[in-house]
Amino acid sequence: MTTEHAHPTVKTFVAVWAALLVLTALTVFVATLNLGPFNAIVALTIATVKALLVLLFFMELRYSTALTKVAVISAVFFLMLLAGLTLSDYMTRGWSSYINPFR
Amino acid sequence: MMETASHTTEAKTNYLNADYGVKSWLLTTDHKRIALLYLGSITLFFFLGGFFAMLIRLELLTPAGDLVLADTYNKLFTMHGIVMIFLFLIPSVPAVFGNFLVPMMIGAKDLAFPRLNLASWYIFITGAGFILYAILTGGVDTGWTFYTPYSTTYSNSNVITAALGVFITGFSSIFTGLNIIVTVHRMRAPGLTWRRLPLFIWANYAASVIMVLGTPVLAITIVLVALERLFHLGIFDARLGGDPLLFQHLFWFYSHPAVYIMILPGMGVISEVIACFSRKRVFGYDFIAMSSIAIAVLGFLVWAHHMYVAGISTYAALIFSMLSFFVAIPSAVKVFNWTATLYKGSITFETPMLYVFAFIGLFTIGGLTGVFLAAVGIDLHVTDTYFVVAHFHYVMVGGMVTAFMCALHFWWPKMTGKMYPEGFSKLSAVLVFIGFNLTFFPQFLLGYMGMPRRYHAYPPEFQVLNVLSTAGASILAAGFLMPMIYFAWSLQYGKDAGPNPYRAAGLEWMTASPPPTFNFDETPVVTWEAYNYDEIDAADQNKGVEVAG
Amino acid sequence: MWLFLVTEIMFFGGMFAAYLIYRLSYYNAWVAGSQTMEIKLGAINTAVLICSSLTMVMAVHSAKLGNRKLTSICLILTLVLGFAFLGVKAVEYHGHWVHHEVPGPNFHFEHEGNYDPRNVSIFFSLYFAMTGMHAFHMIIGAGLLTWLLIANARGRFSPEYNSPVEMVGLYWHFVDLIWIYLFPLLYLISHHHNG
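Chains as they are written, first to last, in the numbering used here: chain A, 1 to 103; chain B, 1 to 549; chain C, 1 to 195.
Treat the hints loosely; a few may be bogus.
[Claimed, not checked] In the BS3-like style, the derived pairs of lysine-lysine whose C-alpha atoms are separated by at most 27 Å in a straight line are:
no. : chain 1 : residue 1 : chain 2 : residue 2
1   : A       : 11        : C       : 69
2   : B       : 23        : B       : 543
3   : B       : 418       : B       : 344
4   : C       : 64        : A       : 11
5   : A       : 69        : C       : 64
6   : B       : 495       : B       : 418
7   : B       : 543       : B       : 418
8   : A       : 11        : A       : 69
9   : B       : 109       : B       : 23
Note that these hints are calculated values from the structure, not bench results.
Could you put the whole structure together from the sequences, leaning on the hints where they help?
In structure tokens form, the structure reads like this:
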């Protein structure tokens with residue numbers, strides 16, 4: 001399924017690679033600090049940036065057809081659905097307690 | 001111009017006689033031959049699943065558990081479920097008719113990845129092998145749903161083997177879906193825009209999207225169950241802090257959309273056949289196409305309605321209940337549009353059309369009872385009773401198997417070049433309808449009155465209805481056995497069908513029956529809309545061909 | 001291949017969802033388990049995979065240019081880096097085994113914190129399941145790379161026909177992507193936690 005499209009140059013690849021390594025170092029460094037809840041947020045944000053770099057440039061998603069992009073986005077979307085709706089169960093389990101209105 | 005230029009002589013090469021020998025079939029990459037490989041295998045599995053059903057119904061003739069032991073009964077309904085769902089229903093229309101017809105309906109020579117298609121079948125057979133091995137070495141008794149912690153910790157049966165079999169057949173499903181999606185995107189004939197596609201294609205496309213997105217979650221769930229059973233990991237084990245309900249969430253995340261994998265292609269079949277025997281374009285084409293996509297998407301949002309009483313929070317149950325009401329809407333859209341297709345159509349009652357009417361009625365009942373079950377208040381009372389059993393058999397057998405029989409009768413002339421005897425086929429359709437209702441309608445009553453499912457013994461007051469149900473099952477069995485006989489008969493003695501015995505619209509009817517290996521002598525260029533029955537009938541009248549109605 | 005990767009996203013996604021749910025339910029146990037992970041090894045592995053992605057991309061690039069020798073070199077480098085990853089992982093697994101952190105009869109966990117020890121077993125179960133599945137996919141990837149090497153040596157790829165290299169590249173990058181998320185989730189986010 002080779003589609004003709006623009007290709008990143010070797011320079012782009014090396015730049016992305018360097019960025020990925022820098023981001024890795026950054027995320028490890030941040031993990032050594034104590035930012036409370038922000039640790040998770042920062043770490044996952046950096047991870048997402050790294051993921052996007054790999055997706056868009058190494059996997060050339062930036063230059064792919066709209067259909068391919070839709071496919072990837074829908075996969076992520078349905079994954080969010082799985083996690084989100086399942087969580088709606090777990091997080092609301094403690095909510096209901098029978099309160100007798102006549103007590 | 002509706003027929004191919006070359007008028008066929010008896011000796012013309014088609015995909016059936018293009019090559020002889022076992023190897024030419026087992027190593028074929030022709031999507032039509034692969035479709036027949038699937039047809040043969042799933043027919044065998046259908047009767048295997050039916051055999052288990054027969055034992056179940058025999059046991060339930062009497063209130064006491066006297067035919068088989070309780071443990072054996074557990075194995076019977078488990079194997080019935082696993083075989084029917086994974087080895088028959090999921091592949092049925094997509095792998096047989098999808099494989100056969102999708103390339104033909106879009107004017108292509110084959111699917112996008114022919115060798116992957118063959119691999120799909122071998123993977124399916126391998127998975128089936130594991131499941132058969134599990135059956136032969138003592139069976140599985142967890143229920144087809146493999147609920148934890150019974151399946152991970154306590155069951156003494158061949159859980160891992162059976163689960164592995166299901167895992168492997170899942171890949172077959174994924175690859176078939178992948179193939180269909182790529183084929184529909186990339187291999188349509190010139191002029192065949194998305195809105196000129198037969199609705200069968202839309203339906204199979206939507207089902208393939210579900211296959212691709214949902215099956216992997218089942219795969220990982222099965223892997224986790226196997227790991228937990230082997231290494232006592234504790235992900236679903238409450239003693240180690242795990243949550244058995246997590247299994248159910250992950251399992252039903254696939255298994256609910258799975259039922260839409262099963263039914264959507266069947267609905268596609270109904271769209272095709274109803275148009276043909278009403279001689280009319282399907283009413284609301286866009287709505288039916290969009291509703292297929294809607295069912296695929298919405299189907300992923302409703303899974304926890306299988307878990308209302310399992311221990312999920314009431315708030316989550318309410319959310320899923322509301323979503324489950326929504327998912328009924330696109331199906332209803334289809335039923336209304338099909339009915340509107342009949343209005344002012346020139347209706348004839350060939351066998352496929354009989355199955356269409358059966359489908360619309362039975363699927364509506366099944367679907368509506370699904371909406372009843374979506375209401376948490378009702379579900380609390382009838383969950384895990386025969387009401388649920390009746391509901392899903394109405395949609396799966398009354399819906400899906402009926403659609404499968406419809407497809408088999410409609411496209412048999414195309415696949416084999418032979419006509420089957422119409423009298424016998426109508427009789428068997430009627431037998432199936434009567435037998436089916438007699439089998440499963442009493443089960444609604446039984447469930448409503450409180451008879452639990454998966455029990456091999458029951459209180460004596462339920463016996464009359466159970467006997468009725470078993471009697472119906474024997475009629476149903478007869479209705480399913482007859483086609484085996486007359487289809488086989490037709491191969492040898494049936495009338496030659498010709499390219500288009502039903503004067504149907506669609507590219508697949510514009511080539512010979514059986515088709516040549518590469519489907520079309522030349523790639524068609526499509527300049528007409530789908531379901532152009534007015535043009536077909538007008539052309540036939542000009543030629544002096546008898547037009548229905 | 002993209003469609004297949006969609007299925008892989010959903011496949012791994014199931015485990016990510018399970019991880020997320022349990023993390024929210026058993027936060028303290030998750031912190032305790034996470035703090036015994038060796039960040040250095042995890043970071044090294046991350047760097048190794050990133051480099052292997054670069055060499056993979058260069059392999060695809062060389063194949064497109066028709067440079068057989070360079071393609072082979074890049075493929076071999078990718079393979080070597082992949083094995084390096086697996087080697088480090090093996091070292092890590094051995095470390096866990098020695099410290100009684102593998103769930104099962106040998107499991108015995110001691111760490112500061114206010115948690116239920118049974119829940120830590122679940123953390124490790126998911127850890128081994130997720131990294132194990134990831135490693136399994138890497139092994140498959142190694143097999144695919146070997147196949148590419150052989151095919152390339154036989155001169156099967158050219159500027160006109162190199163899609164297998166591209167497809168394997170997509171698969172390899174995907175496996176890297178999974179690790180990009182596994183690393184912070186398993187090693188980093190609770191590494192420094194004040195209770």
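Evaluated hints:
1. The hinted pair formed by residue 11 of chain A and residue 69 of chain C meets the criterion: a straight-line CA distance of about 20 Å does not exceed 27 Å.
2. A distance of roughly 44 Å separates the Cα atoms of residue 23 of chain B and residue 543 of chain B; the hinted pair therefore is violated under the 27 Å criterion.
3. For a cut-off of 27 Å, the pair hint linking residue 418 of chain B to residue 344 of chain B is broken: about 31 Å separates their Cα positions.
4. The straight-line distance between the Cα atoms of residue 64 of chain C and residue 11 of chain A is roughly 16 Å, inside the 27 Å bound, and the hint therefore holds.
5. The hinted pair formed by residue 69 of chain A and residue 64 of chain C meets the criterion: a straight-line CA distance of about 23 Å does not exceed 27 Å.
6. Straight-line distance between C-alpha atoms of residue 495 of chain B and residue 418 of chain B comes to about 6 Å, which keeps the hinted pair within the 27 Å bound.
7. A threshold of 27 Å between alpha carbons decides the hint, and for residue 543 of chain B with residue 418 of chain B the separation of about 24 Å falls inside it, so the pair holds.
8. In summary, the hint linking residue 11 of chain A to residue 69 of chain A is supported, as the alpha carbons are separated by about 24 Å, within the 27 Å threshold.
9. The suggested pairing of residue 109 of chain B with residue 23 of chain B holds, with an alpha-carbon distance near 21 Å, which does not exceed 27 Å.
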